[in-house]
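Enquirer: In order, the protein sequences belong to chains A and B.
All residue numbers for the first sequence refer to my numbering, where the first residue is 10 and numbers rise by one.
All residue numbers for the second sequence refer to my numbering, where the first residue is 4 and numbers rise by one.
Please note that a few of the clues may not be correct.
To be verified - Subject to a maximum C-alpha distance of 25 Å in a straight line, what follows is the list of computed DMTMM-like cross-link-like pairs (lysine to aspartate or glutamate):
id	chain 1	residue 1	chain 2	residue 2
1	A	Lys101	B	Glu288
2	A	Lys99	B	Asp5
3	A	Lys101	B	Glu283
4	A	Lys101	A	Glu187
5	A	Lys99	B	Asp88
6	A	Lys99	B	Asp259
7	A	Lys296	A	Asp139
8	A	Lys99	A	Glu188
9	A	Lys101	B	Asp133
10	A	Lys173	A	Asp185
11	A	Lys99	A	Asp222
12	A	Lys101	B	Glu171
13	A	Lys42	B	Asp170
14	A	Lys296	A	Asp186
15	A	Lys42	B	Glu171
16	A	Lys275	B	Asp88
To be verified - Example chain B residues on the side facing chain A (calculated, C-beta under 8 Å, incomplete):
id	residue
17	Gly86
18	Gly87
19	Tyr89
20	Leu92
21	Val217
22	Met278
If you're looking for bench data, these hints aren't it; they were derived computationally from the structure.
Here a beta-carbon is modelled for each residue, glycine too, at the ideal position from N, C-alpha and C.
Single-letter residue listing:
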Amino acid sequence: MSILPQLIANSLIAAGTYALIALGFNLIYAATKFFNLAHGAMATAGGYAAFFLLQSFVGINVVLAAALGVLFAGLLGWALDRAVYRELRKRKASNTVLLVASLGVFTVIQAVIAMIFTSQFQTLSGGAADSVYQIGGAAVTETQVIMIAAAVAIAAGLGLLLKKTLLGKEVRAVSDDEEVAKIVGINTERVIGWVFFIGSAIAGLGGILVGFDTGLQPTMGMSLLLRGVIASIVGGVGTVYGAAAGALLLGFVENFGIWKISGEWKDAIAFSLLIVFLVFRPQGIFKR
Amino acid sequence: MDYFIHLAILFAIYGILGLSLNLVVGYTGLLSVAEAAFYGVGAYVTALLLVNAGWNFFAAMGVAVIASAAVALVIGLVLSRFGGDYYALASLGFGVIIYSIFLNWQAVTNGPLGIPAIPRPDFFGYVIGDEASYLVMSLVFLLLVYVVSRFIVRSSFGRAIRAIREDEAAIQVFGYRAINYKLLIFVIGAGIAAIAGALYASYITYIDPSTFSVNESIFVLAIVILGGLASLRGSLFGAAFLVLLPELLRFVGFPDTIAAQMRQAVYGVLLVVLMLYRPEGLTGEYRL
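The shape of chain A in the complex, shown without the other chains:
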């Protein structure tokens, strides 16, 4: 049996996860121009919120628990923008200050989650075992199918949202030039609030699906965040399709990379890809 179909499937699954993180990260970067390192913690928070609901209300509908987890992550992102990042923007803080502050936020959320849920590995499950499908010689679980479908749907949906709706136009205006957007009467703080809500909610969904697929750990946010950041930069920072393309490339490079060398080197492979791009093509695949 050939290993190739499974490798391709694994690459697509990984790409789906990374895209869910990268899409929100890129959206937030486009609107605010800073690297929000706390973004990974939104995924962790979403995953644990769903875990909490499934634990404390036995018999709760899995989809409902997941939806509430997504909502929680979105609200958390919005609240952090209000409490921390908006205050920093008011003080005309540099992007680096925002980056360091988001690093602090990340550390706090991770620690609080570890305090409440311990550092142990937890698995999310909806009761029934994950059914496994055989597709063209590759074994894929139901969660993984949902993951890929969700990533594709959300990338397309986000693209449409930005293109067709009024909010989308406002987001693009703020991304192009916040000052000018303000002058033409756009309430930029409201738009940025929405961007944080939407971006964080998508990350929350990513965290929940990872929880169903492999499990939850308080420290998972960092590795998810780093994958999201790499996908964003490789694809082209601040563009929707860039995030998706970057995630796809990263998923394939990682999984085909560990075909020949052992799996523990995934992190190193991912970062090597980032550094190659930073050196040779810092604007990413799609230039903004």
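Starting from the known structure of chain A, fit chain B onto it as the hints suggest.
Expert: Frame of chain A; chain B shown alone:
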């Protein structure tokens, strides 16, 4: 009493790390999140030479400093091309790659099991075995590093790196190759961090990769920012404060498992609050 000596030794080690990182972040304005990598290279090289080759501690430390500086030279060649937020991201990437080498290069580093039974230093036949004399030795190294750092920042080289921090383009006009200065200070910082690594390895007598993760880099960054960017005394104060902080928390009565998370939460909050109200740190002269 032993307990206070233990804390004082930790203070000396983190003081050295703080001084080293302040040269890069505070004086040159390059937000490096890779400090733990060089701390780790120092610790691993020292430990391997002591355990496997039976070298003298001070000779091993010397080689560790050179090894760390050499690694920094290679990394710095790539890193020095960047500035601002991209510098932070790329350095984070290198930090993760080096960490994954500690974790996965089993043949040399013994992977997650780490290296046990590292001997204490032998100073011309006198074994620095007890805690009190180890403290004296650590403080001597701290003083040495402090004096060297002070010399560096007051020299013409020190003025040049500060000028790069303020305006990289302007100093290029005066004929300084900014990239060389950025590279050199990064290499010096890495060499100094290796001293701290050597002291740590021989003091604890056991090292494993978890000590040199990204979290440790964030911790040292918190020391530097809290104490003050571009303030050497500030870094010493920051180290003292953040080393003592978890002990204070313990006195308040948190159990040990929570206290470790509490430490993280508190320095995360500290980073956020500092960014909001005092981005130059308590005694610093430069704001990010």
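Enquirer: Lys99 of chain A and Asp5 of chain B: Cα distance at most 25 Å?
Expert: violated (48 Å)
Enquirer: Against the 25 Å threshold, does the CA-CA distance of Lys101 of chain A and Glu283 of chain B hold or violate the hint?
Expert: The hint holds at about 14 Å.
Enquirer: Go through the hint on Tyr89 of chain B and say holds or violated, using the shortest Cβ distance to chain A against 8 Å.
Expert: holds (7 Å)
Enquirer: Does Val217 of chain B pass the interface check with chain A, least Cβ-Cβ distance below 8 Å?
Expert: Because about 6 Å separates Val217 of chain B from the closest Cβ in chain A, which is inside the 8 Å limit, the hint holds.
Enquirer: Does the nearest C-beta of chain A fall within a distance shorter than 8 Å of the C-beta of Leu92 of chain B?
Expert: The hint holds - Leu92 of chain B has a Cβ within 8 Å of chain A, the shortest such distance being about 6 Å.
Enquirer: Would you check the hint for Lys99 of chain A and Asp88 of chain B, treating anything up to 25 Å between C-alpha atoms as holding?
Expert: holds (20 Å)
Enquirer: Does Lys42 of chain A pair with Asp170 of chain B here, judged by a C-alpha cut-off of 25 Å?
Expert: holds (21 Å)
Enquirer: Assess, step by step, whether the Cα of Lys101 of chain A is no farther than 25 Å from the Cα of Glu187 of chain A, and give holds or violated.
Expert: Status holds; Cα separation ~13 Å.
Enquirer: Would the hint linking Lys101 of chain A and Glu171 of chain B be met if the CA-CA limit is 25 Å?
Expert: holds (21 Å)
Enquirer: Tell me if Gly86 of chain B is really an interface residue toward chain A, meaning its C-beta lies closer than 8 Å to one of theirs.
Expert: This interface hint is violated because 10 Å lies over the 8 Å limit.
Enquirer: With a cut-off of 25 Å on the C-alpha distance, tell me whether Lys99 of chain A and Glu188 of chain A pass.
Expert: holds (13 Å)
Enquirer: Given the hinted pair Lys296 of chain A and Asp186 of chain A, is their Cα-Cα distance within 25 Å?
Expert: holds (17 Å)
The structure fails hints 2, 6, 7, 9, 11 and 17 (numbered hints given earlier, in ascending order).
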